[in-house]
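Undergrad: First to last, the protein sequences are chains A and B.
Counting from 1, position 253 in the first sequence corresponds to residue 253 in my numbering; the numbering is continuous, with no gaps.
Counting from 1, position 173 in the second sequence corresponds to residue 173 in my numbering; the numbering is continuous, with no gaps.
To be clear, the hints were calculated from the coordinates, so they are not data collected in a lab.
All values reported here derive from a predicted model rather than from experimental measurement.
Misleading hints may appear alongside valid ones.
As the list claims (entries may be wrong) - Here are a few chain B residues that sit away from chain A, every Cβ distance over 10 angstroms (derived from the structure):
1. E2
2. L19
3. E80
4. T152
5. E155
6. L176
7. P179
8. A180
9. P206
10. A243
11. Y247
Claimed, not checked - Listed below are the simulated DMTMM-like cross-link pairs for lysine to aspartate or glutamate, each with C-alpha atoms no more than 25 angstroms apart in a straight line:
12. A:K126 / B:D65
13. B:K263 / A:E642
14. A:K640 / B:D233
15. B:K17 / B:E228
16. A:K233 / A:E446
17. B:K225 / A:D637
18. A:K770 / B:D240
19. A:K523 / A:D749
20. B:K139 / B:D236
21. A:K449 / A:D420
22. A:K640 / B:E228
23. A:K452 / B:E158
24. B:K225 / A:E446
25. B:K39 / A:D27
26. A:K615 / A:E328
27. A:K640 / B:D65
28. A:K770 / B:E151
29. B:K39 / A:D28
30. A:K615 / A:E120
31. A:K433 / A:E446
32. B:K263 / A:D635
33. B:K263 / A:D637
Stated by the list, open to error - Derived Cβ-Cβ restraints for the label pairs, each shown as a range:
34. B:A141 / A:D756: 38 to 48 angstroms
35. A:S24 / B:D24: 33 to 43 angstroms
36. B:A213 / A:D756: 45 to 55 angstroms
37. B:D24 / A:E686: 28 to 38 angstroms
38. A:A771 / B:D100: 30 to 40 angstroms
39. B:D14 / A:K22: 51 to 61 angstroms
Ideal placement from N, C-alpha and C gives every residue a C-beta, glycine not left out.
Here is how the chains run, residue by residue.
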Amino acid sequence: MGQYGIGQPVRRKEDVRLLTGKGSYTDDVNFDGQVWAAFVRSPQAHAKILSIDTAAAKAAPGVVGVFTGTDLKADGVGTLITDVEFKDLAGNEMFRPKRDFMTIDRVRFVGEMVAVVLAETQAQAKAAAELVMVDYDALPAVGSTAFAASPDSPAIWEQHGSNVGVHWENRPEAEIEAHMAKAKTRVVVDIVNNRVVPNPMEPRCAVANWADGELTIYAPTQGGRRIQQGLAKTVMNLPADKVRVISADVGGGFGIRGKLYPELGVVSWATRKIGRPVKWRGDRSETFVSDYHGRDQINHAELGLDANGRVVALKVWTIVNCGAYFAENGPRLPINGGGRIIPGVYDIENFYFSVKPVLSNTVPTDTYRGAGRPEANFLMERLMDAAADATGLARDEIRRRNVIRQDQMPYRTQMGMLIDSGDFIGNMDMAMKAADWAGFEARRAESAKRGKLRGIGLSNFVEPSGGRPTEEMRIQVTPEGKAVVYAGTHSHGQGHETVWAQLIQTFLGIPFENVSLIQGDTKIMPKEAAGTFGSRSSWMGGVGLQRSAKRIVEKGTKIAANLMQAEPEKVSFDAGVFSAGTSSVTMAEVAKASYELKNLPDGVEPGLDESYFLKRDPEEFNYPNGTHVIEVEVDPDLGKIEMLNYIAVDDCGKVLNPFIVHGQVYGGVAQGIGQAMTEMTVYDDEGQLVTGSFMDYGMPRAHHLSMIDALFNEVACKTNDLGVKGAGEAGACGAPGAFVSAVCDALKDYGIRHIDMPLTPDRVWNTIQKAKAATAA
Amino acid sequence: MENFAYHTPASVADAAKFLEAHEDAKLMSGGMTLLPTLKQRLAAPTDLIDLAKVPDIKGVCRDGDELVIGAMTTHADVHENALVRELIPGLASLAGQIGDPAVRHRGTIGGSCANADPAADYPAGTVGLGATFVTNKRKIAADDFFVGLFETALEPSEIIVGVRFPIPVWSHYQKLRHPASGYAVVGVFVAQTKAGVRVAVTGAGPSAFRISAMEEALAKDFSAKAIENIKVDAGDLNNDIHASADYRAHVVTVLAKRAVAAKG
């Protein structure tokens, strides 16, 4: 299909616009007469609110209004959505605390909103916010995950009496212990999967305008339809079509921007309350204390192996710290998000799984790049390394003996997922060859001469992709023969403008440059638009477009037949041209004719504009997978790690644009390495966020990484017409396991088997000292 | 950020006069620390006195046995300056390790030293080279300049004009970067000067300090081995979530040894 077809490394057509300041981000939106909002946020992790005195703030220059949660409640504003329900084995429901859009009598984390100040300028709003006097009565706080799960921690929701929302189990433990008991070797790992602060480049922002009985709100989201519905129902008490959410260009989503945040509710309520447009632009400090955080699990796991190094049973106990409230997906992540894939690429029949979502005085956690799958894969890979260690088998060998083979596919996992395809052995072979695994010991010896400890590590992963099971895509061919895609998906960095244009050129022969994308506006996006998250767009959006295009061709065939005076059955379509015998008409000619009544055959409506509402089985996913290999060098005197080489072998199914998929791999890897190497979120015992800025929170920088060699082991997905699998979360799944494996390999002579992430110099050095002391003792 | 009046005096004397007259005025050089502080509303000076338009306090020149660097010289300029590279390459290297490129093209030597961040790089370089701060009022030896955490010997209306560095025989800077901020978790500057060996440390304590035991040992035997058993007392060092005091104490010795070994 030429240089712009499927599979071509087409440069992103949106980049010039975005990189030359011509994007349209929320902060670019301003209304005449708008006021600015600033939020008063709690400095306390846990406290009763005794009183809120707004008098001084109301009297400050430029202030238009100061409101608290009581004002929202009085207007009937409801509570935020927790879209999860789990029961324990006895049938007891999960505790689901209600979260007001703005808290009224209690704060439960540092950064929680307690009041909003509206003023003529942002500076006036911020200055007045400092004048709001909140009288707090401090309560004991729960800052750490382990403490939250302990019966000794004070319940931050007294009515529940415990910080554990539910003790979910997939089955009684005894059933699996019966198998575990037969194991020749039992290995145990204890892991802290560290909390991370997602930090999209664009801080959150919102501009809300109430006019003519309708709310319009601009905000960075990952689609908008769900936020529209949530705002209409829980905040505005309006039909959804009276609420319009617009997210034109968005500077990063990563899962956390797909949520209805309380700030959106407050500014929506406020514009109607005061009758003026309201704008809020959060700063980076607010990102740290109000955007949902990611990860934050404690895992304890046991793997039983037979004499051949085959796994006979697996038991996993997970505590996930969901923060002060259960956010939309919080407790879902370890269970549905990651848990279902926990045996990973491995064929493990007997699996016990226990999850305790816990509440604490921290920012709520929710979906973040991978949303439970990186945690699950990391755990499996640490177990495999431990199993290698215990059995004396090489790290790749123990994996080879346990991976699901191609001849077992489609493979039904213990948790009911159907892995359709994947070449897990091939991934390992390809990655190890590219990394020259065989030649590693010579490189290790060379490093040793320089006083450096070299290590190599690998990590397999698989992750269910696809997200919500519905999506709608629409293609309009204009009378000029150009195509406009009205997408239900939402590109906030993924490059859909480019990839959808490639698909349209491939399916309809309309030139790449004549395809434009409209997205992110609930007024004009398809009715059933879902959005972009969970690595779903290539499948749900791509196949949706393919089916819409098919409808365009079907209708175009009828019109073309009429134009050519041919039987429709005799008309064929290829590369933008309808042909019948020696006659032919182009898509552009057909498009033009479609808008002219005289050219339409009987029963054919004018226009060339088709949608497809794609539904799939909600239990059906696609399964991107891969093997990542990392080589590192550790400076044992400083505990400092240098990454030397990164090989990523990914099976993302059919690759629509390798240039863009490489970008997804690099980005995911950078975030995975960030979690593994630099990103440390610390709450102290009082629930204060100690790492609340880039001065203390280590975002990964280019110099932390080596170059990344991204390779594909392409196995077409069998469950969708395009053969695609997700790509967005692969890097974040593969990087942490390979990185920790490599570092532990470097440090193996000290007897070090595991170090919890992030592997900062201080932590690595202290681990070495402890290991040395243990050896000496 | 609160509103403030912005001034660009044409001379150091004018800037000083203004400082004397306005109690809540602040001097600004590169603004790399000051501006984020204002944006976070942690400070609200009534007036900002920007030294950018003051002539003659920017640039590098040689004056006999000393290299003179104007207070408003950026880190990037120090890093790239041919004279610095030729005469004190250890200092050029230090300047090139500060922050990131954006910071290095705005931040200045005078601003950095006056701010006296305990983890800034220049304090190690100025103390390690036995530099002298020249202000509008007097000269202050670097040894006496850094008094404590964000605290210097500068008086309220005193302005750094430049820094005079005695040209050393040899010098070298070793740094362990903070994974988030890029500041020095520990930085060690070692110099062989005409007045003897100097070893200065930043990042580890509340302000830059010298290690006399190492200086004495190196004076006798300038080798990494000579100092391998000399350790600073962890009890006096910073202890935070990024680096324990014990770790810092250890790193001081490691980096000092590496600095010495760099002489080859």
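Undergrad: Evaluate each hint against the coordinates.
TA: Comparing the hints with the structure gives:
| no. | hint | verdict |
| --- | --- | --- |
| 1 | E2 | violated, 7 angstroms |
| 2 | L19 | holds, 25 angstroms |
| 3 | E80 | holds, 20 angstroms |
| 4 | T152 | holds, 21 angstroms |
| 5 | E155 | holds, 29 angstroms |
| 6 | L176 | violated, 6 angstroms |
| 7 | P179 | violated, 4 angstroms |
| 8 | A180 | violated, 4 angstroms |
| 9 | P206 | holds, 17 angstroms |
| 10 | A243 | violated, 5 angstroms |
| 11 | Y247 | violated, 5 angstroms |
| 12 | A:K126 / B:D65 | violated, 53 angstroms |
| 13 | B:K263 / A:E642 | holds, 24 angstroms |
| 14 | A:K640 / B:D233 | holds, 22 angstroms |
| 15 | B:K17 / B:E228 | violated, 50 angstroms |
| 16 | A:K233 / A:E446 | violated, 65 angstroms |
| 17 | B:K225 / A:D637 | holds, 15 angstroms |
| 18 | A:K770 / B:D240 | holds, 19 angstroms |
| 19 | A:K523 / A:D749 | violated, 62 angstroms |
| 20 | B:K139 / B:D236 | violated, 29 angstroms |
| 21 | A:K449 / A:D420 | violated, 47 angstroms |
| 22 | A:K640 / B:E228 | holds, 19 angstroms |
| 23 | A:K452 / B:E158 | violated, 48 angstroms |
| 24 | B:K225 / A:E446 | holds, 24 angstroms |
| 25 | B:K39 / A:D27 | holds, 18 angstroms |
| 26 | A:K615 / A:E328 | holds, 23 angstroms |
| 27 | A:K640 / B:D65 | violated, 38 angstroms |
| 28 | A:K770 / B:E151 | violated, 37 angstroms |
| 29 | B:K39 / A:D28 | holds, 20 angstroms |
| 30 | A:K615 / A:E120 | violated, 47 angstroms |
| 31 | A:K433 / A:E446 | holds, 20 angstroms |
| 32 | B:K263 / A:D635 | holds, 20 angstroms |
| 33 | B:K263 / A:D637 | holds, 19 angstroms |
| 34 | B:A141 / A:D756: 38 to 48 angstroms | holds, 46 angstroms |
| 35 | A:S24 / B:D24: 33 to 43 angstroms | holds, 41 angstroms |
| 36 | B:A213 / A:D756: 45 to 55 angstroms | violated, 36 angstroms |
| 37 | B:D24 / A:E686: 28 to 38 angstroms | holds, 33 angstroms |
| 38 | A:A771 / B:D100: 30 to 40 angstroms | holds, 34 angstroms |
| 39 | B:D14 / A:K22: 51 to 61 angstroms | violated, 43 angstroms |
Consistency with the previously given hints fails for numbers 1, 6, 7, 8, 10, 11, 12, 15, 16, 19, 20, 21, 23, 27, 28, 30, 36 and 39, ordered from lowest to highest.
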